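Under my numbering, the first residue of the sequence shown is numbered 50, with each subsequent residue one higher.
Bear in mind the hints are in silico, worked out from the structure with no lab data behind them.
Possibly wrong hints are sitting among the right ones.
Pair ranges (Cβ atoms, derived) [claimed, not checked]: (1) Gln260 / Gln309: 17 to 25 Å; (2) Asp385 / Gly216: 21 to 29 Å; (3) Asp682 / Tyr140: 32 to 40 Å; (4) Lys680 / Met136: 29 to 37 Å; (5) Tyr501 / Thr393: 29 to 37 Å; (6) Cys88 / Ile508: 44 to 52 Å; (7) Tyr127 / Val68: 15 to 23 Å.
Each computed EDC-like pair below joins lysine to aspartate or glutamate, with the alpha-carbon atoms no more than 16 Å apart [what the hints assert, rightly or not]: (8) Lys744 / Glu668; (9) Lys112 / Glu549; (10) Lys680 / Asp383; (11) Lys391 / Asp438; (12) Lys185 / Asp233; (13) Lys744 / Asp715; (14) Lys392 / Asp438; (15) Lys680 / Asp715; (16) Lys389 / Asp438; (17) Lys744 / Asp756; (18) Lys389 / Asp103; (19) Lys112 / Glu314; (20) Lys112 / Asp383; (21) Lys683 / Glu668; (22) Lys337 / Asp385; (23) Lys671 / Asp438; (24) Lys337 / Asp266; (25) Lys388 / Asp438; (26) Lys391 / Asp715; (27) Lys388 / Asp103; (28) Lys391 / Asp103; (29) Lys337 / Asp103; (30) Lys392 / Asp103; (31) Lys683 / Asp660.
Quantities reported herein were computed from a predicted structural model and do not represent experimental measurements.
Positions of the beta carbon are idealized from the N, C-alpha and C atoms, including for glycine.
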Amino acid sequence: MPKLEYKHWYLLGILPFIVLTNLSVVLDIPYIRFIFGFCFLTILPGFLILPIIDIQRINFLEKCLLIVGISIGFILFYGLAINIILMSMGYMLPLSTNSILITFDILYIILILLGSKNQYYKVNTCSFLQFSPIEKSILIFLFVIPTAIFISVCILNVQENNVPLLGSLLLVPVYLLFLTVHRDRVNSNIFPFSLLVLSFSLLSLFMLRYQFIWGVDIQREYGLFFLTTYDNLCWTYLGGNLGTALSITLLPTVIYSICQIDHVELLFKFIYVFVCSFSPVAIYYTIKRYFDPFLAFCATLYFIFQSGYLHAAGSPRTNIAVFFCALTLYLLIDNDIEKKLKKTLILLFIAAIIVSHYATAYIFFFILIVGVLIINSIHGLKSRSNYIDYSIILFYFVLIISWTFFLFKGHALTSGIEIIIDSLLEFLTDNGPNLQTTEAKMTFNPEFKNGYLTAAHWITVWSSFLFIGLGTLYSLTSYIQKQLHLWSVGREAPDTRLPEIGIEYIIFGVISAILLGLFISLKSISNSYDSPRLFSLTAIVLSPFLIVGIMYIVRCIVKMRGSLSKTYFDINRIAGYCVIILIISYSLFTLGLPYQIAGIQQSHLSQDSIDYMQVNIYEGEKFAAIWLKEKHDKNTNILRPKSGLKELWSAGRFPLNSLNTRDHNDSYIYFGNFEISDGFYDNYIITNFLHEQHKLFSNQRADILYDVQ
Numbered sequence: 050m051p052k053l054e055y056k057h058w059y060l061l062g063i064l065p066f067i068v069l070t071n072l073s074v075v076l077d078i079p080y081i082r083f084i085f086g087f088c089f090l091t092i093l094p095g096f097l098i099l100p101i102i103d104i105q106r107i108n109f110l111e112k113c114l115l116i117v118g119i120s121i122g123f124i125l126f127y128g129l130a131i132n133i134i135l136m137s138m139g140y141m142l143p144l145s146t147n148s149i150l151i152t153f154d155i156l157y158i159i160l161i162l163l164g165s166k167n168q169y170y171k172v173n174t175c176s177f178l179q180f181s182p183i184e185k186s187i188l189i190f191l192f193v194i195p196t197a198i199f200i201s202v203c204i205l206n207v208q209e210n211n212v213p214l215l216g217s218l219l220l221v222p223v224y225l226l227f228l229t230v231h232r233d234r235v236n237s238n239i240f241p242f243s244l245l246v247l248s249f250s251l252l253s254l255f256m257l258r259y260q261f262i263w264g265v266d267i268q269r270e271y272g273l274f275f276l277t278t279y280d281n282l283c284w285t286y287l288g289g290n291l292g293t294a295l296s297i298t299l300l301p302t303v304i305y306s307i308c309q310i311d312h313v314e315l316l317f318k319f320i321y322v323f324v325c326s327f328s329p330v331a332i333y334y335t336i337k338r339y340f341d342p343f344l345a346f347c348a349t350l351y352f353i354f355q356s357g358y359l360h361a362a363g364s365p366r367t368n369i370a371v372f373f374c375a376l377t378l379y380l381l382i383d384n385d386i387e388k389k390l391k392k393t394l395i396l397l398f399i400a401a402i403i404v405s406h407y408a409t410a411y412i413f414f415f416i417l418i419v420g421v422l423i424i425n426s427i428h429g430l431k432s433r434s435n436y437i438d439y440s441i442i443l444f445y446f447v448l449i450i451s452w453t454f455f456l457f458k459g460h461a462l463t464s465g466i467e468i469i470i471d472s473l474l475e476f477l478t479d480n481g482p483n484l485q486t487t488e489a490k491m492t493f494n495p496e497f498k499n500g501y502l503t504a505a506h507w508i509t510v511w512s513s514f515l516f517i518g519l520g521t522l523y524s525l526t527s528y529i530q531k532q533l534h535l536w537s538v539g540r541e542a543p544d545t546r547l548p549e550i551g552i553e554y555i556i557f558g559v560i561s562a563i564l565l566g567l568f569i570s571l572k573s574i575s576n577s578y579d580s581p582r583l584f585s586l587t588a589i590v591l592s593p594f595l596i597v598g599i600m601y602i603v604r605c606i607v608k609m610r611g612s613l614s615k616t617y618f619d620i621n622r623i624a625g626y627c628v629i630i631l632i633i634s635y636s637l638f639t640l641g642l643p644y645q646i647a648g649i650q651q652s653h654l655s656q657d658s659i660d661y662m663q664v665n666i667y668e669g670e671k672f673a674a675i676w677l678k679e680k681h682d683k684n685t686n687i688l689r690p691k692s693g694l695k696e697l698w699s700a701g702r703f704p705l706n707s708l709n710t711r712d713h714n715d716s717y718i719y720f721g722n723f724e725i726s727d728g729f730y731d732n733y734i735i736t737n738f739l740h741e742q743h744k745l746f747s748n749q750r751a752d753i754l755y756d757v758q
């Protein structure tokens, strides 16, 4: 009997999966359709494309990272191509289930035939799957964390008791301490795998915490997705800056067409939780080029515990763009992938950034273009950077201008320029720097109304900024001194030598730090592009400088004691403990655990906090929004007086331009749970007593009035 070659096993594995996926979709088998369909779109494209480009010298998790990145980029652009081609042929439902299933099946067959000749997936994963007893204990502990979080979130949502959730979240710092103590006894693959599990667990916490869509911008984003999915089954430009973001319209529509579960809001949030869970993996492998695995792990944790990242389920387009930025940076400094293949993937991910979030695309473009100009001026015109060349920058520039300016009337570009000009004028005239943010985000300058806890939070946040600044300055000055031969690395004791970061990465870090400072100082910009979101983007680059800064401080303290030449000091080990202590403190305050333990209700973990009530949509509010959608008179205004239009956009599915306008004399006034609980509803009735008002709808969570002027 002839022995089957590897490519035959490859075909025998993929083809049955495609057949089973098609059957589960056609027969609409619950759960199976979602699981197979989700993998069919978010994993299979990258799994089939990687054998064609034949990247070999990366490990198993890096391949998983690229598979997810390629798959999401593939959905964006292949889905867009299907949409354009089928509509040009007169078929007006290009994103329907049949269209997506048939067109993806055809392309998958082609990709299988092209890639089956390679031996790409014949890799040795034994080193990744074989663990020592201590590693097995660590992994068991690791998987207890998401299990405990999922169960405790369900308890909180049903019984309104957050004590189990607080206990579950406290397992995270305990795990980090346990891993720190045993870091020399574990396989280095434990670190990126831990990052993946921890990030998925924490992102899922905020996904499951809310029954419906939660957040601010995401309400309009979900409204656009709903219009694309239910009203059109095709992608068209629906107006405004949000209309250019395929990450919130076309991407979830394609996935929903195949998966189609009843809980549409949950699927919408899960897409971004799944994808963004891989962002820390990309950052880890980027930083690992300069640090040992444990310090790279610690630096990546700093990114994970940014509030802008943790709220990925409530800020999808920004975090999808940040994911592709992290992938791009990972490829830029990678030396294990062939240059042509790396360039192809970089172009794909840059294009994905542009169609995911316009503002993030412009900011990342600024970092790249300024960085490349400085780097090439340092190396000389004849010696280009090994990381990036001008052809990539030119592609980036042409595509971002074409997509946001020429194709869609330049709303994103012109509004961004107007904001920058207004901010500069405001900065030069009267208001000066803006260093204030809301207390809930606690990113830069909190108010001291909660005493010692707030002071400790303030010290934790600002000390991290100080270490990042010191690390950036030290890396830059060290490079300059080395180039000018002002000092020699060999003169230092080997155990005190700090990591040498490449000049390309240092330049990107300096630009990111300056950009972050400008955004904080200019009020209009920080209000338009939320500072925590910007810090999530810049933390991709700045995280390793936190480690350098702490190591520099530790070395200075040791030198001040005069013990450096007498006693052996392992700067890496001491700095590792200092970093993990800072990271644990940072994570606790970001999650709001100290405040909750102290009985201060000011985080999403409490049912009674203002933060929770402002962004949460209750069942009664959703029902009221749907009732208003069905009953309202189109010749009447629809107003929401105080806390935004979240229920009306996402739950009621009103067109974005139909709300809070005063085109007519009479108005429907929608009051949600927050207005009623805050007393605003009663005040409104008193202050508008001269108007003729009729209560049309009322339940425990919402009231709807008809106001006659």
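Point to revise | List of violated hint numbers, smallest to largest | key: Failing hints, ascending: 2, 5, 8, 9, 10, 19, 21, 23, 24, 26, 29 and 31.
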